[in-house]
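There are 2 protein chains.
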Amino acid sequence: MSIQAKIGPSILNADLANLAEESQKLLDNGADYLHLDVMDGTFVPNLTFGHPMVKCLRNKIKEAFFETHMMVQNPEQWIAPMSDAGVNLYTFHIEPVEDVCKVTRLIQEAGMKVGLAIKPGTSVKDIEKYVELADLVLVMTVEPGFGGQSFMADMMPKVEWLRNNYPNLDIEVDGGVGPKTIDCCAKAGANWIVSGTAVVGAADQRQVIGDMRNVVKSYLK
Amino acid sequence: MSIQAKIGPSILNADLANLAEESQKLLDNGADYLHLDVMDGTFVPNLTFGHPMVKCLRNKIKEAFFETHMMVQNPEQWIAPMSDAGVNLYTFHIEPVEDVCKVTRLIQEAGMKVGLAIKPGTSVKDIEKYVELADLVLVMTVEPGFGGQSFMADMMPKVEWLRNNYPNLDIEVDGGVGPKTIDCCAKAGANWIVSGTAVVGAADQRQVIGDMRNVVKSYLK
Chain W
38 MSIQAKIGPS ILNADLANLA EESQKLLDNG ADYLHLDVMD GTFVPNLTFG
88 HPMVKCLRNK IKEAFFETHM MVQNPEQWIA PMSDAGVNLY TFHIEPVEDV
138 CKVTRLIQEA GMKVGLAIKP GTSVKDIEKY VELADLVLVM TVEPGFGGQS
188 FMADMMPKVE WLRNNYPNLD IEVDGGVGPK TIDCCAKAGA NWIVSGTAVV
238 GAADQRQVIG DMRNVVKSYL K
Chain R
38 MSIQAKIGPS ILNADLANLA EESQKLLDNG ADYLHLDVMD GTFVPNLTFG
88 HPMVKCLRNK IKEAFFETHM MVQNPEQWIA PMSDAGVNLY TFHIEPVEDV
138 CKVTRLIQEA GMKVGLAIKP GTSVKDIEKY VELADLVLVM TVEPGFGGQS
188 FMADMMPKVE WLRNNYPNLD IEVDGGVGPK TIDCCAKAGA NWIVSGTAVV
238 GAADQRQVIG DMRNVVKSYL K
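Residue numbers (our numbering), protein chains in the order written: chain W, 38 to 258; chain R, 38 to 258.
Next up, chain W with everything else stripped away, as it sits in the complex (with noise of 0.2 Å):
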């Protein structure tokens, strides 16, 4: 077994002005990495936060592996700051790119792992010239901008295709993903689980990261 069930809380949903308070609690839950959703108001209709931010983060929170999930419309533009504010791996989305290619030699010299994101709209064909580029493939189970969306099932089709075409790659959903949900998307074959408000908003976090990564566990060959 290669792969791993990891489980990655979104903080979208949680208090921002206490950012850094609200990341460690995750972490000391059992949380396998953070999440980081930046949006630019131009490639999603919402504007959340941007690389001072992680910056101010990374100085508190010296260990953690950093996912920034970059839904803007240049990605291009914030690999060199990303990758000063010490972020891990660097996921973003191909529909607003035009030389995926040359992003990801970008975010590879700049010392990040490369994500490459599909939002529902986007055939997972579209995606498949350049998933051997990849560290990571973030299928969207809902459509990106806000937190609290319901999960959409019908995305587990591209899951299916991925993994029985790269057993070995590290698949992520995100989207309506928690403990009524998680179910069909280990089945169909993530591994990496975002979880926003399902993880934040619970009365035991632990309980809820743990029961999730078990599920995905489950399925794992």
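Read the hints as simulated data drawn from the structure, not as lab findings.
It is possible that some hints are incorrect.
Copies of the same chain are indistinguishable here, so a pair counts whether it falls within one copy or spans any two.
Heads up, simulated DMTMM-like pairs for lysine to aspartate or glutamate below, C-alpha to C-alpha not over 20 Å straight-line [said to hold, decoys possible]:
(1) Lys97 - Glu180
(2) Lys150 - Asp121
(3) Lys97 - Asp241
(4) Lys162 - Glu197
(5) Lys43 - Asp241
(6) Lys99 - Asp121
Could you slot chain R onto chain W? The hints should help.
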């Protein structure tokens, strides 16, 4: 005397991962308002934060006066969410806006005061026909986008022209303003003073804020 001396720290160079605490500290040390720098990566080459963070901050800090400095390409887009987030004064740049009157009206209808901002390269004459619509005019004393830049004293004629023509207008300056540059701002007629690094990084924030306010007061008629 109808206009007052106000010092509004910018938290751009504070610990953004701990925003509520940093902001409360500034208010406890005598800040008259908070100047919140919203940047979208399009109008300026930096991406800071948007309404989700401002709303979280408002949830923690109920009473303070919040100004959002909208360094964004489409200020109309964020009027409703910033009003919902509890913003008091919505200051936007006229440079990218086609219909300044319309945006101004929408801000007022959303229950916020209106600030009009101009970059260093924009003539004060370009804002003349809109001044009567505004509660405040912001004259940038650095290129907007980043904190820590050097103050541009050659912007002071804009402030003087505004003060001479509008004795009761709130005139704000932002960029490189601190104990060393406050005198020429106050002498020119600015009465709302944004200060980032000089206040946030001060060993004694209360002293710096108080000293700067006293300089401004000394020039108010």
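Right, here's what the structure says about each hint:
In this homomeric assembly, Lys97 and Glu180 never come within 20 Å of each other (Cα to Cα): the closest approach is 31 Å inside a single copy and 29 Å across copies. Within a single copy, Lys150 and Asp121 get their C-alpha atoms as close as 14 Å, which meets the 20 Å cut-off; across copies the closest is 37 Å, which misses it. Taking the shortest Cα distances, Lys97 and Asp241 never come within 20 Å of each other, neither inside one copy (24 Å) nor across copies (23 Å). Proximity of Lys162 to Glu197 under the C-alpha cut-off of 20 Å is restricted to the intra-copy arrangement: shortest distance 13 Å within a copy versus 61 Å between copies.
Taking identical chains as interchangeable, the C-alpha atoms of Lys43 and Asp241 lie at most 20 Å apart only when both belong to the same chain, with a minimum of 18 Å there against 45 Å between chains. Taking the shortest Cα distances, Lys99 and Asp121 sit within 20 Å of each other inside one copy (13 Å), while across copies they are farther apart (34 Å).
The structure is inconsistent with the numbered hints 1, 3, although it conforms to all the rest.
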